[in-house]
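Novice: Listed below are the residues making up each chain.
Protein chains: 2
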Amino acid sequence: MKIIDNLKEMNQEILKHKNKTIGYVPTMGFLHDGHLSLIKESVKENELTILSIYVNPLQFGPNEDYETYPRDAERDKQLAKENGVDIIFMPTNDVMYPKPLTFSLKVTQKTDVLCGKDRPGHFDGVVTVLLKLFNIIQPKTAYFGMKDAQQLAIVYSFVEQFNIPVTIKGLETIREDSGIAKSSRNVYLTEKEKNLAKAIPESLMYGADLIKSKAYNATEVLEKVKKKFLSTENENYEYLELLSFPDLEKITELNSTVIIAMAVKYKKARLIDNLIIDQNGNILTNFN
Amino acid sequence: MKIIDNLKEMNQEILKHKNKTIGYVPTMGFLHDGHLSLIKESVKENELTILSIYVNPLQFGPNEDYETYPRDAERDKQLAKENGVDIIFMPTNDVMYPKPLTFSLKVTQKTDVLCGKDRPGHFDGVVTVLLKLFNIIQPKTAYFGMKDAQQLAIVYSFVEQFNIPVTIKGLETIREDSGIAKSSRNVYLTEKEKNLAKAIPESLMYGADLIKSKAYNATEVLEKVKKKFLSTENENYEYLELLSFPDLEKITELNSTVIIAMAVKYKKARLIDNLIIDQNGNILTNFN
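Those protein sequences? They're chains A and B, same order as listed.
So in numbering that gives the first Met the number 0, the last spot in the first sequence is 287, and the numbers never skip.
So in numbering that gives the first Met the number 0, the last spot in the second sequence is 287, and the numbers never skip.
I should point out that these hints are in silico values taken from the structure, not numbers from a laboratory.
C-beta: ideal position from N, C-alpha, C; glycine also.
One or more of the hints may lead you astray.
List time: in silico DSS-like cross-link candidates among lysine-lysine, alpha-carbon distance up to 27 Å [unchecked claim]: (1) A:K7 <-> B:K98; (2) A:K17 <-> B:K19; (3) B:K168 <-> A:K98; (4) B:K105 <-> A:K15; (5) A:K139 <-> B:K139; (6) B:K7 <-> A:K19; (7) B:K7 <-> A:K116; (8) A:K249 <-> B:K98; (9) B:K98 <-> A:K98; (10) A:K19 <-> B:K17; (11) A:K168 <-> B:K249; (12) A:K15 <-> B:K15; (13) B:K7 <-> A:K17; (14) A:K105 <-> B:K98; (15) B:K181 <-> A:K7; (16) A:K116 <-> B:K105; (17) B:K116 <-> A:K139; (18) A:K15 <-> B:K139; (19) A:K15 <-> B:K43; (20) B:K15 <-> A:K139; (21) A:K43 <-> B:K17; (22) B:K98 <-> A:K168; (23) A:K17 <-> B:K43; (24) A:K1 <-> B:K17; (25) A:K105 <-> B:K116; (26) A:K7 <-> B:K139; (27) A:K139 <-> B:K249; (28) B:K17 <-> A:K98; (29) A:K17 <-> B:K17; (30) A:K17 <-> B:K105; (31) B:K19 <-> A:K15; (32) A:K139 <-> B:K264; (33) A:K43 <-> B:K116.
The following residues of chain A were derived to be distant from chain B, with all beta-carbon distances above 10 Å [as the list claims (entries may be wrong)]: (34) N5; (35) K105; (36) T107.
Build the full structure now, drawing on both the sequences and the hints.
Specialist: Next up, the structure:
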């Protein structure tokens, strides 16, 4: 496994492997089983798998956790190696942004829902760094977790609208035994919060059951899920929404693929989770 | 020579030729000797040359000549064939923008000088369509005329900042016998205007001589060129500027590569022209 931190070497590697199918897993490191499932799928489907580890400052808001975002490069390298990664690209900020950009790339839709509402500029930073990383790595397929469903939807549209020659695959959210979605930020949770957070997947599953029953409209489903979540010791949530997927438009009818998603803020961790449910009421385990 | 108007066929061609070096000449058609010099260079340097002909609505302002921009597809095809083009990509607006973009890409610097001042949004449209075209065509090298020097400078920065794996080459402005830079828009000129317009390259050449003499600073050069231009029957110009190149910053000292550029508006045609002059006072005939 090669570990590369500069563009020159990365460009040489890509040139050397230009006739291989490249699978790419973009991450911010501190790998968990969710990332590993993406890596495993890439290794299975491609001749070469590249993992990037880069905590992209552009996608963090001024009051967010850029400085304290959990990092453990040595453990990440070990896990990557064990799971069949061929190349890790670990650039510094100087490599990614040697001078301030004189172009701006912004998401002009879909950002007033879900995480976009609470994280202005977040997805602008995501597509900006991905455009750069896709150009550097030139993968055939890039793998994303469905936990970050809004990111997945936006990246999917971005690639489609700008004709980027990369296939975007979304893979099922991986969960702790407790049901909580795996996230690098789970390390921020206290034991008590871990217990509270179980209500997130439980409420979403309850919502999925209600949708499958076809007995309720969107407003009724949301109302019931809200009640269930707040009947636990959780006092509030940041959002709870039911939208079309991947368009992320408000809906009233439940006759297409939808996403039911929520975000909950605990003391140091903001958790997000969702289920994507097709028109027959079945939970999707992959996208595209 | 193949003529392709859709993405599916274009994608197949690119896949088929993935082991060839691809040279790419993006144009809005109505080919003149300037375009042909780009095509010839591409044919000389690459195994496959792709020409795109697309009048991109995004780069025209509301009061500009999108509707009336000169078009002659049959003549373009003939010229492309004679000059060794392998594939012409001629998409319609439905192919390039099947639905409104939900992302915005904007140039945030360098647009308050030269043409950027008078054509707000123009270069945003240029980089947006080029990002798409580069992704579709995946060339090794793309060829641009130095006549559109600001475009060249912006595209060069864009490709560099977003790690787009394309080499940008700028080639010398091709001129009429009269000295006027070749442009598709020259067809708009009356005989009288063609005579008047000779003063544009003459004034720029005079400026180049003054710079080479090293006897004047930037302000003095501009003042003298202005006087010379207005001593002809031309009554005004849109801009006359002397800037660093490719940064396009205002300068006072003449000790680096500079561009002296002007735009002049005639009844139906807005003409632009420039010379790029290195620190020794020599006129550059190519960039990068």
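Novice: Next, verify each hint and record whether it holds.
Specialist: Against the structure, the hints:
no.	hint	in the structure
1	A:K7 <-> B:K98	37 Å, violated
2	A:K17 <-> B:K19	12 Å, holds
3	B:K168 <-> A:K98	22 Å, holds
4	B:K105 <-> A:K15	34 Å, violated
5	A:K139 <-> B:K139	18 Å, holds
6	B:K7 <-> A:K19	22 Å, holds
7	B:K7 <-> A:K116	36 Å, violated
8	A:K249 <-> B:K98	19 Å, holds
9	B:K98 <-> A:K98	33 Å, violated
10	A:K19 <-> B:K17	12 Å, holds
11	A:K168 <-> B:K249	47 Å, violated
12	A:K15 <-> B:K15	19 Å, holds
13	B:K7 <-> A:K17	22 Å, holds
14	A:K105 <-> B:K98	17 Å, holds
15	B:K181 <-> A:K7	39 Å, violated
16	A:K116 <-> B:K105	22 Å, holds
17	B:K116 <-> A:K139	40 Å, violated
18	A:K15 <-> B:K139	15 Å, holds
19	A:K15 <-> B:K43	25 Å, holds
20	B:K15 <-> A:K139	15 Å, holds
21	A:K43 <-> B:K17	24 Å, holds
22	B:K98 <-> A:K168	22 Å, holds
23	A:K17 <-> B:K43	24 Å, holds
24	A:K1 <-> B:K17	26 Å, holds
25	A:K105 <-> B:K116	22 Å, holds
26	A:K7 <-> B:K139	17 Å, holds
27	A:K139 <-> B:K249	43 Å, violated
28	B:K17 <-> A:K98	32 Å, violated
29	A:K17 <-> B:K17	9 Å, holds
30	A:K17 <-> B:K105	31 Å, violated
31	B:K19 <-> A:K15	15 Å, holds
32	A:K139 <-> B:K264	48 Å, violated
33	A:K43 <-> B:K116	52 Å, violated
34	N5	12 Å, holds
35	K105	5 Å, violated
36	T107	5 Å, violated
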